[in-house]
Every structure is written in C-alpha cells, then in structure tokens.
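Using the sequences and the hints given, assemble the complete structure.
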Amino acid sequence: MNEIQELYQQVILDHNKNPRNFGAIEHPSHFAEGHNPLCGDHLDLYMNIEEGIIKEVRFNGSGCAISKASASVMTTILKNKTITEAQELFKSFQEAVTSDTETLIDEINLGKLAVFCGVREFPARVKCASLPWHTLINALEGKQESSIEIQSENHGK
Amino acid sequence: MFKFKIQEGLKVIQPGQLVEFPVAQIRGDFPILQRIVHNKPLIYFDNAATTQKPRSVIDTITNYYTSYNSNIHRGVHYLSQLATDDYEKARKIIQKFINAGSSDEIIYTRGATESINLVAATYGRANLKSGDEVLISYMEHHSNIVPWQIICEQTGAKLIVAPIDDNGDIILEEFNKLLNDRTKIVSIVHISNSLGTINPIKEIIDRGHRYGAVVLIDGAQSVQHAKIDVKTLDCDFFVFSGHKIYGPTGIGVLYGKRAILEKMPPYQGGGDMIKSVRFERTIYNDLPYKFEAGTPNIVGAIGLGEAIDYLHSIGIEAIANYETRLLNYATHVISEIPGVEIIGKAKHKSSVISFVIVGIHPHDIGTMLDVDGIAIRTGHHCTEPVMHRYGIPATSRASFAFYNTFEEIDYFAESLKKVIKMFS
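First to last, the sequence lines map onto chains Y and L.
50 is the number that numbering that gives the first Met the number 0 gives to position 51 of the first sequence; each next residue is one higher, with no gaps.
417 is the number that numbering that gives the first Met the number 0 gives to position 418 of the second sequence; each next residue is one higher, with no gaps.
Among the clues, some could well be false.
To be verified - Cβ-Cβ distance ranges computed for the label pairs, FRET-style: (1) T100(Y) / P40(L): 22 to 32 Å; (2) L158(L) / H26(Y): 36 to 46 Å; (3) R280(L) / E140(Y): 57 to 67 Å; (4) S423(L) / K111(Y): 21 to 31 Å; (5) N38(L) / I107(Y): 30 to 40 Å; (6) T100(Y) / G74(L): 43 to 53 Å; (7) L78(L) / K142(Y): 51 to 61 Å; (8) S91(Y) / V145(L): 34 to 44 Å; (9) Q4(Y) / E335(L): 26 to 36 Å; (10) P40(L) / G141(Y): 46 to 56 Å; (11) V145(L) / K142(Y): 20 to 30 Å; (12) M421(L) / P122(Y): 15 to 25 Å; (13) P40(L) / G22(Y): 43 to 53 Å; (14) S55(L) / K142(Y): 48 to 58 Å.
Treat the hints as calculated values from the structure; they're not laboratory data.
Ideal placement from N, C-alpha and C gives every residue a C-beta, glycine not left out.
Below, the structure is given as structure tokens:
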C-alpha cells in the first residue's frame, strides 16, 4: 500500500460516503461543538449517557473525509462504553495518531481505529482525525457551549 | 521535457505564440523547480501565496551577507556605504517599477499587510472621526479588513462593505451608491487572491476622489501580473509584498503621494525616523525615513530590487500575456472535468483558479494532489467573507506563474480526475 492508500483506506472512504449515526439527537444529555478554524471543519456531537454508560451517540456537521470518517467510526465504537472506557480510547487514539511513523501500532488495542494511523505520514491531517475525539472529551466534561479550536500540535515533522 | 502539447481544436492557444515565451530557459533560473516532492517533480501552483525565487535573487542575498553585510545610513565605513547605496538603489528601482514621482514616496515595510496597517494607524487615526466611513469590498483579504475594523473601533468611524455578484465582480452600481461625503477612505484590492477578479481600479479611484476620499489600492496580487503606473492611476496609496513578486519575504512597499505622506504622523518611533532627539522635542525625519524606524530589512530591499530587475529582463507584458494563456488553458481543461465548479468567473481575471468539487472536501483534494507533487492551496485563503458569500467553507486554489507550463496543467487535470475517481 502506498501512503495515499494508507491514508484513505477503504473503511475511511466508506464511512465518508455513508457516515454512521449521522444526524442530531433532540434532547441529548451531553453535547459539544467542534471546530477547526484552519480548514473550517465543523462537528456537532450528541450523546445520551445513562448511569455512566453511553447509550446513544450521533453527530452532524461538515468536514473532510478524514474528520467525517473519524467521527463516524468513533460513534460506532462508543456505543455502550463507559465514560472511563471512552476516555481511555481517546488517549490511545491520540497517542497512536501523533506517534512517529516508526512506532508500531497496537492494532489489537486500537481495533477499528487503527485505520486512521495513515495520518501519521501527513502531519497537516492529524487535526482532522482528532477533531471528533477532542469534541467528545469536551462533551464529557460538559463544555457544551465552547467550540474547541485545536491548535497545531507537535507532529514531529 | 517542457515541450508543449498543443491540443487540437483548442482555440485559446496560438501555437505561434508558444515558442516566443522562453519558459524552459526561465525554469532554469529557478533552482527550486528542479525539486522532487513525494518522488514526483514539483509542480508549484501556489504562486498567489508566495512565489519562488530566481537564482539572481538568491545570489544577491548570499552576496550581501557574504561580502558587504553592514548597517545602513550614517556609517562612515566602506561596507556601510555599499549597503546604503544598494538599499537606496532598490528604492529607485521600485519607484520606476510603479512609476512613482519620487523615490521619497516609496516606503519600505514588512509587506502589504504592514503597509495597510501603517496607513490605517497613521492616516486613519489622524483623519477619521465618528460618523466617517471607510469603504472596502466583500472580496478583500483579511489584511484589508481587520486594520480598518481596528481603526474604526478606535475612531468611531464605520466600515462599509461593497457587495460582489455571483461571478465575483464588485457590483459597481452598489459601490457608487455607498460612496458619499462621509466616505474618507476607500481601500480596494486590485486583484482578488481567492477569486482572481481584476477590479476596475481606475474607475474606483476616480469615483472615490469625486467624494474627496483617499484611495488605497492593495496590489499584493497585481504587481507581478500587470504593469502598474501609480501616476496614471492617481491612487493615493498603493501597497504590495516582495515575496509575491519573486523577491524575499519580510519586505514590502507602501507607495503614497508625497503631499499626503508629509502630513501623516509617523508610524513607529525609533532610530532612523528622526532628525534630532531631545527630551523636550524630537524632530522627525523627512520622507521616506519618517516611516522607517529601526534597522530595516536591508537585504530584503536589495533582493526585491533584484527581483524587479529580473522581471524587467523578461518583460512584464510578456509575462502577463503568457500567464493569461495559462489561465485560459487551465480554465478550459478544468471546466471539462465533470463535478468541478470554478468559483470566481469574473470577466477580467488573473491567473488564479479557485474551485470546488461536489462531495469532496478541499483538504482531501490538497492532500491527494500533494502526493502527486502538486502544490496548491486549500482553505478560505484569508478571505472568509468571500467563502460566506458563496456558502462554502473553503476552496481549492491553483495559481500560476510564468514558470508554469501547459504540460503541468495537463498533469494537474489528470491528478484531479484521479481524486474524483477515488472519492466517487
């Protein structure tokens, strides 16, 4: 696989075209808005959390293929996870996509999320993959009103 | 390698003209064009963001630091004299380049952005009062919006915005209606960086003057593509950046009419902008030094002078001619690709093509092209109001310079087709 096929894997192209859990939840228990001012990507994340378990999660918005697919895959994974599990997934995801390209990916731990590791070859695109996850953390922490602006992170290149 | 493919039936290209413009030889003048990116030859289509530098400019910079680096003005030693001479020689080159009346009217700045900020902070602050109006257009770069917002906030003046139509042209009837006796400053871009529109600035300048306004023209995207004559234009201010005209970054120009510049308060205080300093009273220096506090970008100015000399060696009209052919060819080729929509269809356009592809985000297009060695820009191009006007978050933008070729445009089109195929 060349680096572009690695970045735009079939799974990503599929989720981009047919995003899962796309749309709003009318009265969510948790909500946050994610915004990347650099490219204009915009994402609304809705969740219903009952007794510490994510019962329902949906998203709305517009963005590039990477951010859209990342949001879509994230929603499929989060369902029925506890808040702690979601936070741990965020950490593993963030670590993986910001690691240098030499680092081996823990595919077992990451599962479906491993497809996003292609962004490591494209430092400018790491933010795209991370946006939904940063929005998730804001929603969990109750920062509903604030739109997040991800500053350019240190991508090692 | 750089022989052109002449496509049959393509009306926009006159085969006879092609051989006249020595693009292969010109490409040899730009070392960076030999670069390989992602294992592909670099195709540089991001010229509206910054242009590449010819060998002569690079050598000039190296030579300055290698053989006569020193501070200018008031230096009694040999090197200081050499540096001062070249720094001032460049000012004269710039003066002639835009046909200013005197080199005193050429103020060195960091770039077009600083030039506009300078005018806003000095002329604007001294002349605007509550109820006055500053007239700009919808297609301005953020650098021709925000400085005015800041000064309007401080003075109580109002920022008025002239609308544009779907093609990306200023609606002149609306612009004329917005002009009135309260209009003190008109600040308009000559060529839009995101749409490519060439504005009818002569008409705009004349109309502004009829209402007693001073008129600033943002020439950041025009000096490299068209002959500028500030005397004929009769604009009060004209600004541009060195790095967009094949010179170094960090150097730019503010042209202003002498009578206006003389009345303006200084911009920054410091060395070089004074005649004498006492704690009781400081006397400011004459033009242009009144606006050039501190050690300037000496090599930047010298490098910019060299870049202009280089352009003269090719001829700005020959450049404009060739770039128009590149634009027409690219417009034709891109329009043929199903799903691609060009944003900005003004009648008079510069060699900038902004486009969107239905269902594919500009970021994904940019990444895909990059892997093919093609450098374009994606995003809002520092013109967010333009994006809002068209209801889009961003565009992809290809902008051409005279070292680009028809062959590169063909390759670019093929690469775009691959992007569309992958995301369909």
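Here's how the hints hold up against the structure:
1. T100(Y) / P40(L): 22 to 32 Å: holds, 24 Å
2. L158(L) / H26(Y): 36 to 46 Å: holds, 41 Å
3. R280(L) / E140(Y): 57 to 67 Å: holds, 58 Å
4. S423(L) / K111(Y): 21 to 31 Å: holds, 24 Å
5. N38(L) / I107(Y): 30 to 40 Å: holds, 33 Å
6. T100(Y) / G74(L): 43 to 53 Å: Between T100(Y) and G74(L), where Cβ atoms are some 51 Å apart, the hint holds.
7. L78(L) / K142(Y): 51 to 61 Å: For L78(L) and K142(Y) the Cβ distance comes to about 58 Å; the hint holds.
8. S91(Y) / V145(L): 34 to 44 Å: holds, 41 Å
9. Q4(Y) / E335(L): 26 to 36 Å: Given a distance of about 27 Å, which is inside 26 to 36 Å, the answer is holds.
10. P40(L) / G141(Y): 46 to 56 Å: The hint (46 to 56 Å, Cβ to Cβ) holds, given that P40(L) and G141(Y) are roughly 52 Å apart.
11. V145(L) / K142(Y): 20 to 30 Å: holds, 28 Å
12. M421(L) / P122(Y): 15 to 25 Å: holds, 21 Å
13. P40(L) / G22(Y): 43 to 53 Å: Since P40(L) and G22(Y) have Cβ atoms about 45 Å apart, the given range 43 to 53 Å holds.
14. S55(L) / K142(Y): 48 to 58 Å: 54 Å Cβ-Cβ, so the 48 to 58 Å window holds.
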